[in-house]
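S.K.: Next come the chains, spelled out residue by residue.
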Amino acid sequence: GEDVEQSLFLSVREGDSSVINCTYTDSSSTYLYWYKQEPGAGLQLLTYIFSNMDMKQDQRLTVLLNKKDKHLSLRIADTQTGDSAIYFCAESMSSSASKIIFGSGTRLSIRP
Amino acid sequence: GAVVSQHPSRVICKSGTSVKIECRSLDFQATTMFWYRQFPKKSLMLMATSNEGSKATYEQGVEKDKFLINHASLTLSTLTVTSAHPEDSSFYICSARDWDPMGEKLFFGSGTQLSVL
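In order, the protein sequences belong to chains E and U.
Residues in the first sequence are numbered from 37 upward in steps of one, following the numbering used here.
Residues in the second sequence are numbered from 154 upward in steps of one, following the numbering used here.
Certain hints may be false.
Each computed DSS-like pair below joins lysine-lysine, with the alpha-carbon atoms no more than 27 Å apart [said to hold, decoys possible]: (1) K208/U / K194/U; (2) K258/U / K208/U; (3) K167/U / K135/E; (4) K258/U / K135/E; (5) K208/U / K219/U; (6) K208/U / K135/E; (7) K219/U / K103/E; (8) K103/E / K173/U; (9) K208/U / K103/E.
Only part of the chain E face toward chain U is listed, based on derived beta-carbon distances under 7 Å [what the hints assert, rightly or not]: (10) L44; (11) L46; (12) G51; (13) Y67; (14) G76; (15) A77; (16) T83; (17) G139.
One side of the interface only, derived from the structure: several residues of chain U facing chain E at Cβ under 8 Å [to be verified]: (18) K195; (19) S196; (20) F220; (21) K258; (22) F260.
Derived from the structure by calculation, the hints contain no laboratory data.
Even for Gly, the Cβ is constructed at its ideal location relative to N, Cα and C.
Please build the complete structure, drawing on both the sequences and the hints.
M.R.: Here's what the structure looks like:
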């Protein structure tokens, strides 16, 4: 079945770039998402990319998609303390919310 | 943006008791809500789709008599873990679906950490 994998933890120095990686197994994935969960809050959609794209940039966020390797990454430039959160990678074959498959989340911690 | 409120955020209960978790859409009406479960270090797994005014749709392997879902209004869905056992200890999170010109969007609650002793 479908599977989405990501590492559980990432520690980055403040001001450096953070790169959170994700791999997925379903080659027919059409939508790939990054969600952010801050402490005590719900998951918030950060950005998404269609499978026919290989890059999407939005201010400090850059999403790279390698469809051949089924690898998705989220780069956060100039990481700040407010970026501390859990980041979930997710994929779906359709735009239907019921079909989204989530990864386990990567906890990003920021060192001073 | 839209807000989804989930309560309680943390609950500890004794084995054999039932626990109810509420999921409310605060500023929009949600005909469809979703319930997920996450084991430590594992993926967030969809348990069921809650439809207002009708029966919930459960994913394969999820016991509907164990996890009772009620979606009696357009702003409230509840998940009741019946006769809870330690293996039901987990993180439960809900989401509600809303629409905007860009399409379908999910808004998540903050989750409930259930510990069954």
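S.K.: Confirm or reject each hint.
M.R.: Checked hints:
1. K208/U / K194/U: violated (31 Å)
2. K258/U / K208/U: Distance ~22 Å between K258/U and K208/U Cα, so the pair holds.
3. K167/U / K135/E: violated (34 Å)
4. K258/U / K135/E: holds (13 Å)
5. K208/U / K219/U: Since the Cα atoms of K208/U and K219/U sit roughly 15 Å apart, the hinted pair holds (cutoff 27 Å).
6. K208/U / K135/E: With a Cα-Cα distance of about 18 Å, the restraint between K208/U and K135/E holds, given a limit of 27 Å.
7. K219/U / K103/E: Violated. K219/U to K103/E sits at ~39 Å, over the 27 Å cutoff.
8. K103/E / K173/U: violated (42 Å)
9. K208/U / K103/E: violated (38 Å)
10. L44: With Cβ-Cβ at 6 Å, under 7 Å, it holds.
11. L46: This interface hint is violated because 14 Å lies over the 7 Å limit.
12. G51: violated (28 Å)
13. Y67: With Cβ-Cβ at 10 Å, over 7 Å, it is violated.
14. G76: holds (6 Å)
15. A77: holds (5 Å)
16. T83: violated (13 Å)
17. G139: holds (6 Å)
18. K195: Constraint on K195/U satisfied, holds at 5 Å.
19. S196: holds (5 Å)
20. F220: violated (16 Å)
21. K258: With a minimum Cβ separation of about 7 Å from chain E (threshold 8 Å), the hint on K258/U holds.
22. F260: With a closest approach of 7 Å, the F260/U hint holds.
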